[in-house]
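Enquirer: Protein chains in written order, with my numbering: chain A, 1 to 229; chain B, 1 to 401.
Calculated from the structure, these hints are not laboratory results.
Bear in mind that the values here come from a model prediction, so they are computed numbers and not experimental data.
Note that beta-carbon positions come from the ideal geometry of N, C-alpha and C, so glycine has one too.
Check before you lean on any hint, since a few could be wrong.
Chain A stretches covered by chain B per the calculated footprint, using a threshold of three residues with CB under 8 Å from any CB of chain B [claimed, not checked]:
| # | region |
| --- | --- |
| 1 | 6-14 |
| 2 | 17-31 |
| 3 | 105-111 |
| 4 | 114-121 |
| 5 | 131-138 |
| 6 | 184-190 |
Derived lysine-lysine pairs resembling DSS-like cross-links, with alpha carbons at most 27 Å apart [stated by the list, open to error]:
| # | chain 1 | residue 1 | chain 2 | residue 2 |
| --- | --- | --- | --- | --- |
| 7 | A | K226 | A | K213 |
| 8 | B | K245 | A | K174 |
| 9 | A | K74 | A | K63 |
| 10 | A | K74 | B | K205 |
| 11 | A | K213 | B | K245 |
| 12 | A | K174 | A | K213 |
| 13 | A | K221 | A | K174 |
| 14 | A | K63 | B | K245 |
Below, each chain spelled out in residue letters.
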Amino acid sequence: MTAMIRIIRGGGEQSEFTVETGEFTTLLDALEEIRSEQDGGLLYRHSCHHGSCGTCGVIANGKRVLSCVTRVSKLEQPVEVRPLTPYPVIGDLAIDPAPLYSEFPDDASILRPSEAQPDATPPAEIPGFTRFENCIECGLCESVCPVLRAGGAAPGRPFKGPAALAAYGREIEKHPERTDELLPEIDSPDGVWGCDRALECSRVCPLEVYPAKQIAVLQQKIRARKAPV
Amino acid sequence: MGSDRRRAGDAGRAADIRVVIIGGGGTGAAILHDLTLRGFACTMVERGELTSGTTGRHHGQLHSGARYAVGDEEIARECMDEVRILGRIAPESIEMNYGLFLALSENDVTYGDTFQEACSAAGIPNRRLSIEEALRHEPAINPQAHFAVLVPDGTLDAYRLPLQFFATAVANGADVRSFTEVLSVESSGVAATGVTVIDYRTRRKERVPADVVINAAGPWGGQVAGRAGIDLPITPAPGTMVAVKGRLCNMVVSHLHPPGDGDIVVPQRRLSVVGTTQWETDDPDRIRTPEGDIRSLIRRGGELVPTLADAEFHAAWTAARPLAGRSSAGGRALSRDLEVYAHAADGLDNFYSVIGGKATVLRAMGQAVSDILCSDLDLNLPCTTATTPLLSHRHYFRRAS
Ligand SMILES: Cc1cc2nc3c(=O)[nH]c(=O)nc-3n(C[C@H](O)[C@H](O)[C@H](O)COP(=O)(O)OP(=O)(O)OC[C@H]3O[C@@H](n4cnc5c(N)ncnc54)[C@H](O)[C@@H]3O)c2cc1C
Ligand code: SF4
Ligand code: FES
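Sequences and hints are given; from them, build the entire structure.
Expert: What follows is the structure, given as structure tokens:
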């Protein structure tokens, strides 16, 4: 099989490539093929190739996806690939994720207790089973958020964004003792009150983090603390 | 006192020594962090995103060393030391849930004693569990197994662990340049003097001067050495991994036999990763995942964790190890799978190639290379990475913009 990939680079320039594909070929595999066979300088981000690192997000046929777990055979052709908005573009499809990371709570843990095999007893050597958080910091939720985008690639209102706010939610859930420190940081127009409840973030998240739900829970926590007793 | 004064003087000398490290994988990350802490003026150059080579793509097994104990006590011991050290300096990048080696056949039962003796000899804590006991810890394992051996394996975040090294190095003054490829290594007479790079962000070529150049380009190491006019034959040897949806187990599950294909299942987040296979290729940029590998890995993984056979497919991908073609005169084998070549033996001073290793022992590799460099330069600068906690991976990207 072959597939036609149309790359719309950060700078606006378009290029079309034809690549050989098989049943399991992902969009990232296709980009790798283009770089090794046709355009040695093509820039895109990738690392794990299995949906764990969060570097490979792109907009494919208008949808935000992780290119490493998106099969080319499931996409309409030509596949139109663009860099994730509203991030600064380093070149071609590669973006700089700094704006995403800048709003995360300081040192929010990426570990949590594991819920897999709830009846299992951990070996005596460890206090309990742990695992990494679902959120892989891919930025797809921020990219789709209408508050941050305002339409097209234009910047929206100042807003900490769904990924960072969801991280606040998780950190407070795991460490209730940090509530007094963390809640005030997001009790602001650019914090949880900036959310317009478009819910696009929860729909696009490939890891089922449901950031919009997390934001709503944080809003409730803030209201509950302020309610007269 | 004398040695303190010497050290201070040596740190001053190191600050004037410009080191360029080629390759932004785990090996480059650890060398960069170590040399930066020792006071060298370091720049790291990576042609793509950081960890976009082999490093980001491996299984993510944090090796206690048990897998290697029978064949190589030295690497096994090193793994165990590093598991303890990483637990102190980078606990956030590790799911520390231990691992089980399952004896599935009569041969495995016999191998069990050899295996446990080798683990003990390498300092790896190990405990034999009846299958009933093992099932209480890990209900997903094959209940037909004869017994299990518990060892301190775990899962590491293949991307975020090296990023912690990069973040800390940058905070300490290192320069990291991603999306920048080394096109040639320059020399004057017999000494390396710098590299010519293309910065893909600007599409401009530029010369980066250096007093020392370290090639940490993994399976691309032969290509990079070639750009210095040095023949370092390396055969890229890719292996396939498959991830299925669902965290089927919490512990790393391995087959209790000499290392082979499809004999480990590594849980990570809500995925289970099975690996791996091995074949050889000419060019690490032209590897395609063989579809036959996907089916065979799922089948073999199912012998360890039966639910795997029916789990929903998530992803299949490959990563290439570098197999050394031959040892150059300057090669110093630090352990079975890490070699440092001082290319003075090939007629080029101040140029080193570092090939092989494991992601688990990245810090130790950084130390080994930095120790060799300090010894060659006659600098008395001790390694401090084992006791320096690493910054969060997020600091790496936060610094920008
Ligand atoms: C299939 C497989 C499974 C593995 N599983 C595990 C595991 O579970 N646990 C474990 O501990 N280890 C594992 N390993 C080993 C581990 O992945 C490697 O030891 C480690 O990632 C090697 O890192 P590196 O930095 O040496 O190489 P790489 O990560 O390949 O880094 C080299 C870098 O150099 C860059 N580069 C190349 N040419 C140039 C140039 N001209 N200019 C600039 N940059 C350049 C490349 O882009 C690349 O990023 C596995 C390896 C394989 C192959
Ligand atoms: S919340 Fe989901 S979409 Fe947003 S960064 Fe995390 S994983 Fe990505
Ligand atoms: S490459 Fe890691 S999530 Fe896609």
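Enquirer: Indicate, hint by hint, whether the structure satisfies it.
Expert: Hints and how they fare:
1. Three residues within the 8 Å Cβ limit are the bar, and the region 6-14 of chain A against chain B gives 0, so the coverage statement is violated.
2. Chain B is given as covering the region 17-31 of chain A, and this holds because 5 residues of the stretch bring a CB closer than 8 Å to a CB of that chain, at least three being needed.
3. Proximity of the region 105-111 of chain A to chain B, defined as three or more residues with a beta carbon under 8 Å from a beta carbon of that chain, is established by the 4 residues found.
4. Counting residues of the region 114-121 of chain A whose beta carbon lies closer than 8 Å to any beta carbon of chain B gives 6, which meets the minimum of three for the stated coverage.
5. Counting residues of the region 131-138 of chain A whose CB falls under 8 Å from any CB of chain B gives 6; the rule of at least 3 is met.
6. Figure legend: the region 184-190 of chain A, annotated as covered by chain B; annotation inconsistent (0 residues with Cβ-Cβ distances under 8 Å, at least 3 required).
7. Taken as a hint, the A/K226 and A/K213 pair is honoured in the structure, with Cα atoms around 20 Å apart against an allowance of 27 Å.
8. Distance restraint check for B/K245 and A/K174: the Cα-Cα separation of roughly 25 Å lies within the 27 Å cut-off, and the hinted pair is therefore satisfied.
9. Proposed proximity of A/K74 and A/K63 is supported: the alpha carbons are some 13 Å apart, at most 27 Å.
10. The hinted pair formed by A/K74 and B/K205 fails the criterion: a straight-line CA distance of about 39 Å is larger than 27 Å.
11. Restraint check for A/K213 and B/K245: satisfied, since their Cα atoms lie roughly 23 Å apart, inside the 27 Å limit.
12. The suggested pairing of A/K174 with A/K213 holds, with an alpha-carbon distance near 16 Å, which does not exceed 27 Å.
13. Under the criterion of a C-alpha separation no larger than 27 Å, the hint pairing A/K221 with A/K174 is consistent with the structure, at around 14 Å.
14. Distance hint between A/K63 and B/K245 is fulfilled; the C-alpha atoms sit about 22 Å from each other, no more than 27 Å.
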